[in-house]
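Chemist: Work out the full structure, taking the sequences as your base and the hints as a guide.
Take a look at the letters that make up each chain.
2 protein chains.
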Amino acid sequence: MYSIGDLSRRTGVKIPTIRYYEQMGILKAADRTEGNQRRYFDEELERLAFIRHCRDLGLPISSIRDLIRLSEHPHAPCHDADRIAKEHLEAVRNRIARLRKLERELRRIAAACDGGEACDCNVIKALSDHARCQSEH
Amino acid sequence: MYSIGDLSRRTGVKIPTIRYYEQMGILKAADRTEGNQRRYFDEELERLAFIRHCRDLGLPISSIRDLIRLSEHPHAPCHDADRIAKEHLEAVRNRIARLRKLERELRRIAAACDGGEACDCNVIKALSDHARCQSEH
DNA sequence: CTAGTTTCTCTAGCGACTAGAGGTTCAAGA
DNA sequence: TCTTGAACCTCTAGTCGCTAGAGAAACTAG
Chain C
1 MYSIGDLSRR TGVKIPTIRY YEQMGILKAA DRTEGNQRRY FDEELERLAF
51 IRHCRDLGLP ISSIRDLIRL SEHPHAPCHD ADRIAKEHLE AVRNRIARLR
101 KLERELRRIA AACDGGEACD CNVIKALSDH ARCQSEH
Chain B
138 MYSIGDLSRR TGVKIPTIRY YEQMGILKAA DRTEGNQRRY FDEELERLAF
188 IRHCRDLGLP ISSIRDLIRL SEHPHAPCHD ADRIAKEHLE AVRNRIARLR
238 KLERELRRIA AACDGGEACD CNVIKALSDH ARCQSEH
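Going down the list, the sequences are from chains C and B.
For the first sequence, position 65 matches number 65 in our numbering, and the numbering has no gaps at all.
If you count the second sequence from 1, you need to add 137 to reach our numbering.
One thing to keep in mind: the hints can contain errors.
[To be verified] Calculated lysine-lysine pairs in the DSBU-like style (CA-CA distance at most 30 Å, straight line):
1) C/Lys28 - C/Lys86
2) C/Lys86 - B/Lys238
3) C/Lys86 - C/Lys14
4) B/Lys238 - C/Lys14
5) B/Lys165 - B/Lys151
6) B/Lys223 - B/Lys165
7) C/Lys28 - C/Lys14
8) B/Lys151 - B/Lys223
9) B/Lys151 - C/Lys101
10) B/Lys238 - C/Lys101
11) B/Lys223 - B/Lys238
12) C/Lys86 - C/Lys101
13) C/Lys101 - B/Lys223
These aren't lab readings, by the way, just hints derived from the structure by calculation.
Modeler: This is the structure:
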């Protein structure tokens with residue numbers, strides 16, 4: 001049996017965040033002591049680890065909610081879970097592609113400073129001037 | 138002389154966003170008509186393009202504010218502008234590195250579905266199980 | 001002059017937390 | 001058993017960068 005602090009230490013999820021997940025309905029409301037404090041079991045520990053893992057992977061809470069609902073209806077086709085993961089993979093790939101363009105751009109800009117004064121600072125000029133970009137963003 | 142709608146069409150920045158930038162102090166308060174409507178000149182058009190470009194590159198508004206303040210004090214050393222760009226480049230590189238790890242992970246997870254039922258769906262299992270990850274995140 | 005578009009301000013909402021106030025409960029040591 | 005201090009409770013508000021909507025006023029073309 002874990003207090004919310006135990007759960008927090010074991011999962012690395014901060015206490016207010018645990019309460020927030022409960023409020024969002026992805027972590028079920030814990031049993032309480034006589035004095036109204038939350039007490040958790042291994043089941044919640046596992047679910048919180050699942051949530052944490054999903055969040056680390058960048059899945060929004062709404063998708064996590066979908067996955068949990070799915071896993072609670074074990075005879076539904078797993079098609080949906082697969083779709084959620086695939087869609088997210090696609091989104092991550094797009095983000096990477098965009099960020100790499102930005103990286104090139106920033107490298108160009110950051111290389112432009114010759115240590116002078118702001119009035120002729122190439123960083124500021126480069127940031128002012130969209131036309132110099134080698135790729136649209 | 139541009140209305141806020143003109144400015145919006147020319148820069149692709151939505152009208153409420155322009156007003157928001159004014160409120161945040163990175164776009165200076167425009168002149169007004171008798172009837173209190175904003176009227177802009179090319180100077181604001183350019184600044185908005187600058188802001189837009191910075192935002193596209195992912196710079197937070199606070200950094201943009203710093204850069205603008207800097208460009209308004211043209212005899213300050215451009216050292217700070219350079220630092221802002223370099224720091225941001227660093228942050229972008231870190232984000233890319235992290236996202237690539239996530240991509241590998243998601244690819245592994247998304248490949249795990251064999252079309253069965255949710256009760257033995259490998260996507261859900263993979264998401265439950267941190268230990269299977271090939272890289273920490 | 002009128003009708004329809006644009007603009008105004010103000011407030012509230014998004015997502016995923018995070019921080020703080022002010023009060024209560026728990027657990028360990030004396 | 002009592003005390004003390006840590007941990008916990010709820011509630012509200014703040015973060016960031018917008019975005020949406022209400023209701024009213026101003027502009028512009030015919």
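Chemist: Now look at each hint and say whether the structure bears it out.
Modeler: Verification of the hints:
| no. | hint | verdict |
| --- | --- | --- |
| 1 | C/Lys28 - C/Lys86 | 27 Å, holds |
| 2 | C/Lys86 - B/Lys238 | 15 Å, holds |
| 3 | C/Lys86 - C/Lys14 | 29 Å, holds |
| 4 | B/Lys238 - C/Lys14 | 24 Å, holds |
| 5 | B/Lys165 - B/Lys151 | 17 Å, holds |
| 6 | B/Lys223 - B/Lys165 | 27 Å, holds |
| 7 | C/Lys28 - C/Lys14 | 16 Å, holds |
| 8 | B/Lys151 - B/Lys223 | 29 Å, holds |
| 9 | B/Lys151 - C/Lys101 | 24 Å, holds |
| 10 | B/Lys238 - C/Lys101 | 18 Å, holds |
| 11 | B/Lys223 - B/Lys238 | 23 Å, holds |
| 12 | C/Lys86 - C/Lys101 | 23 Å, holds |
| 13 | C/Lys101 - B/Lys223 | 15 Å, holds |
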